[in-house]
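Please build the complex by placing chains B and C on the supplied structure of chain A, with the hints as guidance.
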Amino acid sequence: MRHDHLITSKQLSREDIETVLDRAAEIDADPSAVADRHANTLLGLLFFEPSTRTKMSFETAMKRLGGDVVDMGSVESSSVKKGETLADTVRVIEGYADALVLRHPKQGAATMASEYVDVPLLNAGDGAGHHPTQTLLDLYTIRENAGLDDLTVGIMGDLKYGRTVHSLAHALTNFDVRQHFVSPESLQLPREVVYDLHQADDGAGIREHDSLEEVLPSLDVLYVTRIQRERFPDEQEYQKVAGEYQIGPEDLEAASDDLTIMHPLPRVDEIAPAIDETDHAAYFDQAHNGVPVRMALLDLFLSDDGAGGALGGDGDE
Amino acid sequence: MRHDHLITSKQLSREDIETVLDRAAEIDADPSAVADRHANTLLGLLFFEPSTRTKMSFETAMKRLGGDVVDMGSVESSSVKKGETLADTVRVIEGYADALVLRHPKQGAATMASEYVDVPLLNAGDGAGHHPTQTLLDLYTIRENAGLDDLTVGIMGDLKYGRTVHSLAHALTNFDVRQHFVSPESLQLPREVVYDLHQADDGAGIREHDSLEEVLPSLDVLYVTRIQRERFPDEQEYQKVAGEYQIGPEDLEAASDDLTIMHPLPRVDEIAPAIDETDHAAYFDQAHNGVPVRMALLDLFLSDDGAGGALGGDGDE
Amino acid sequence: MRHDHLITSKQLSREDIETVLDRAAEIDADPSAVADRHANTLLGLLFFEPSTRTKMSFETAMKRLGGDVVDMGSVESSSVKKGETLADTVRVIEGYADALVLRHPKQGAATMASEYVDVPLLNAGDGAGHHPTQTLLDLYTIRENAGLDDLTVGIMGDLKYGRTVHSLAHALTNFDVRQHFVSPESLQLPREVVYDLHQADDGAGIREHDSLEEVLPSLDVLYVTRIQRERFPDEQEYQKVAGEYQIGPEDLEAASDDLTIMHPLPRVDEIAPAIDETDHAAYFDQAHNGVPVRMALLDLFLSDDGAGGALGGDGDE
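Residue numbers (numbering that gives the first Met the number 0), protein chains in the order written: chain A, 0 to 316; chain B, 0 to 316; chain C, 0 to 316.
Possibly wrong hints are sitting among the right ones.
[Stated by the list, open to error] Partial selection, computed: residues in chain A whose CB lies under 8 Å from chain C:
hint : residue
1    : A34
2    : R52
3    : M55
4    : S56
5    : E58
6    : T59
7    : L264
8    : P265
9    : R266
10   : V267
11   : F283
12   : A286
13   : H287
14   : V290
[To be verified] Listed below are several chain B residues computed to face chain A (Cβ distance under 8 Å; list not exhaustive):
hint : residue
15   : A34
16   : T51
17   : R52
18   : M55
19   : S56
20   : E58
21   : T59
22   : K62
23   : V240
24   : L264
25   : R266
26   : V267
27   : F283
28   : H287
Since the hints were derived computationally from the structure, they do not count as laboratory data. Note that the Cβ used here is the ideal one computed from N, Cα and C, for glycine as well.
Same shape as in the complex, but just chain A:
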């Protein structure tokens, strides 16, 4: 079947994911080949929450394909203030654009909104819900740096609240990947996410740890996330926990020379700046990969053969 909208990475089969990543790699290798491919195309940006890099990289992606954007602007300057429902807002803005990108603070907002529009809608984050384009650019970065077969990945930091992490972990169950989750006990993966991962992967590849030390030597990829100050009732407690899950050059002595370090950014001090200059650091490339991956997605969803047409499969989404 075809996908009309992109709501969650869970809707994508392994084959779908590979279609996106292959297209992104093609585009990355020769962006000029698609520089005018979607001329006269407008992408509507509906960001109900602030975002720098997701919004800018979607905008860049559309413009690198020859198109342009129309931006709703901030909620403060919009009709939302006057009490308009999301269903009404998206139905108005779909009249201006050929596709929509939506970020919204409420989980489920993207699914709901997609039911009201005929143009493709791409979810750019719905609260604690999904953020599939982040997952796809993470997968692309992993594949470019370490491949996606016979791989050992460590995911460290705030595993409790991070939708990025849950979504990536789930997507990785499509591939031959062992996953180690490293966090303080208070920020462990929620039990329902662990259950979900075991369901998806027979539990074979999933392990949880409270220290990086024991798993670092075995890792091909280390994915670090930010531990948010606001999750802790007490500054001292935060400092103690955050300090234990920072990576500095000295920590890397036990790591493989080929270790790839990723981070969805922005970072605060989870990764020491001294690592930026090493071959381990892939986080800026990772941010930049948002462009070819989102170009690939837009191209697939905007192509003449129908919305998301090339994202074939036999699922029932």
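Just chains B and C now, kept in the frame of chain A:
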């Protein structure tokens, strides 16, 4: 004569209006024919007040004609904060753009600003003053759905403060239209507007009512507006009044099957969502019509034969 | 040598300046010749402080060259709020754009940021530091109106805090220009700036005054700046000082018929509106000149022969 600027729909003759609507219909039928017509053209956006749909649809219109926009951004981030006059601001920005769109909270701002610039200036709302592009898209929607001859239109809700309503009512006096105004007594049309309409139309077509019931069966078009909470000193009073001027499916039993329901949006709860799915609902189309109508206006004002050249006539503006 | 970035006008030799101004004049004479010259080029806008005209004219310049922009938006809506460093922000955004424009409240920010990026970075103001594109458009305006040889320039107003003034004064030492500085004693040029100008120009052309009267008749150009209310502890003191350094039509009786009056804008009441209509007034042209000058700079920095390649010279930046 030619129009240099678009300040009010009152400056437009019936012939001018038909020129705009005809051009909009042409563009609507085949937008690709004009997709590069105004390449290398920049439209300056000066919004001194928030706006979602007017701003986005002007931006969309310019981009659908192959051009682009430069946006002053919000007043908070602009030189206005430093005490710059509107006359200075528009004279600076006219150096960047081929035409300007201005929204400003003060009535008369567009007229004043237009005296300082040589490029076409289009009024996108000046406080309690005018909003001519809204009127034109309303007329376009009425014409597409019900024609503009031998027509009965009901206009309901807040008729006291709504510039949209005053402007549309005046424009309709150019056509063979009977107008019924339905509102609570406290939100009736201001007497000077009624006087003005009688002057324009010999009073023949104008009637006021405090209930929809008596006129609904005769209507071809029902134009609903939002009753603003902030107009009422007291929440209870608001609830009582607002409740009486809401439309639900049960209210439509007495209506013609061909009744067209319009609303300038955003709505709060003036029109029940159940009506969205019926053939009566034209309000989303109405919002979308902002694009072809503004494309037509931009095209007419930016064309080589002079600013607003094709909006000929023998009036004296 | 070549310039990788544009941080300060001090890095530019007289030859460099003339290269920019000549290119701007060429573009100004026939903008259509470059209307598609940088198609498919994206300029990243990073404005950590509000700005209307600098930002809009950079955006206009890029679009008039056929390119487009991606805008970080306001700091409030960006990752900066989450504690991201400037070094990280510019490294992420360089992945989206072919060149960057940075405005930042901290002096030295542009230099620091430029060390982290490979694409050209143009400083659009760094606190009390530099604002080289303003200086170049000022020089362009002076050259267009009065030439840059055997010239007498008066600079009046707030000479203490204005980076615009310091930067322009320094750049003028490259040319055969006598400079008269007119200000209240409390807003005189800082001693280190005077020292710096004497170093650059053997002090030959620099004079300071507390009244315009004595120098006005000799001036070819009068550059007026805004005296900021917030510099004064006391409103009465401000009114007294500001009133003395305002220019009205009656002040111009003693001036040359060819006197050119400039102002970086926004003005409050330093220049009476009655002067706008005279041939003396060059300040709106000056604002508009931001476009061809920034087009010239972008063109030089984005051209195939390397970043800022055509800004050759044998200095060492």
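Evaluated hints:
1. The criterion of a C-beta within 8 Å of any C-beta in chain C is met by A:A34, whose closest approach is roughly 5 Å, and the hint holds.
2. With 8 Å as the threshold, the beta carbon of A:R52 comes within range of chain C, its nearest partner Cβ sitting at about 6 Å, so the hint holds.
3. Restraint check, A:M55 versus chain C: the minimum CB separation of about 5 Å is within 8 Å; hint holds.
4. Taken as an interface hint, A:S56 checks out: its beta carbon lies about 6 Å from the nearest beta carbon of chain C, inside 8 Å.
5. For A:E58, the interface hint holds, since its Cβ comes within 8 Å of a Cβ in chain C; the closest pair sits about 5 Å apart.
6. At its closest, the beta carbon of A:T59 sits 4 Å from a beta carbon of chain C; the interface hint therefore holds under the 8 Å criterion.
7. The closest approach between the C-beta of A:L264 and any C-beta of chain C is roughly 6 Å, which is under the 8 Å cut-off, so the hint is satisfied.
8. Annotation: A:P265 was flagged as interfacial toward chain C, and the flag holds, the nearest CB pair being 4 Å apart, inside 8 Å.
9. Because the beta carbon of A:R266 sits about 7 Å from the nearest beta carbon in chain C, less than 8 Å, this interface hint is met.
10. Using the Cβ-Cβ criterion of 8 Å, the hint placing A:V267 at the interface with chain C is satisfied: the shortest such distance is roughly 5 Å.
11. At its closest, the beta carbon of A:F283 sits 5 Å from a beta carbon of chain C; the interface hint therefore holds under the 8 Å criterion.
12. Interface hint at A:A286: satisfied, since its Cβ lies 5 Å from the closest Cβ of chain C, which is below the 8 Å cut-off.
13. Given hint, A:H287 at the interface with chain C, holds; its Cβ is 3 Å from that chain's nearest Cβ, closer than 8 Å.
14. A cut of 8 Å between beta carbons decides the hint on A:V290: the least distance to chain C is about 6 Å, and the hint holds.
15. The interface hint given for B:A34 is met, as the beta carbon of that residue sits about 5 Å from the closest beta carbon of chain A, less than 8 Å.
16. The interface hint given for B:T51 is met, as the beta carbon of that residue sits about 4 Å from the closest beta carbon of chain A, less than 8 Å.
17. Taken as an interface hint, B:R52 checks out: its beta carbon lies about 6 Å from the nearest beta carbon of chain A, inside 8 Å.
18. Among the interface hints, the one on B:M55 holds; its C-beta lies about 5 Å from the nearest C-beta in chain A, closer than the 8 Å criterion.
19. Hint status for B:S56 relative to chain A: holds, with the closest Cβ pair at about 6 Å, below 8 Å.
20. With a least beta-carbon distance of about 5 Å to chain A, the hint placing B:E58 at the interface is held under the 8 Å criterion.
21. With its C-beta approaching chain A no nearer than about 4 Å, B:T59 sits inside the 8 Å limit, and its interface hint holds.
22. At about 5 Å, the closest approach between the beta carbon of B:K62 and any beta carbon in chain A falls short of 8 Å, and the interface hint on this residue holds.
23. Using the Cβ-Cβ criterion of 8 Å, the hint placing B:V240 at the interface with chain A is not satisfied: the shortest such distance is roughly 16 Å.
24. Below 8 Å, beta-carbon pairs count as interface contacts, and B:L264 has one with chain A at about 6 Å; its hint therefore holds.
25. A hinted interface residue such as B:R266 counts as satisfied when its beta carbon comes closer than 8 Å to some beta carbon of chain A; here the least separation is about 7 Å, so the hint holds.
26. Taking 8 Å as the C-beta cut-off, the interface hint given for B:V267 holds, the closest approach to chain A being about 5 Å.
27. At its closest, the beta carbon of B:F283 sits 5 Å from a beta carbon of chain A; the interface hint therefore holds under the 8 Å criterion.
28. For B:H287, the interface hint holds, since its Cβ comes within 8 Å of a Cβ in chain A; the closest pair sits about 3 Å apart.
Of the numbered hints given earlier, the model fails hint 23 alone.
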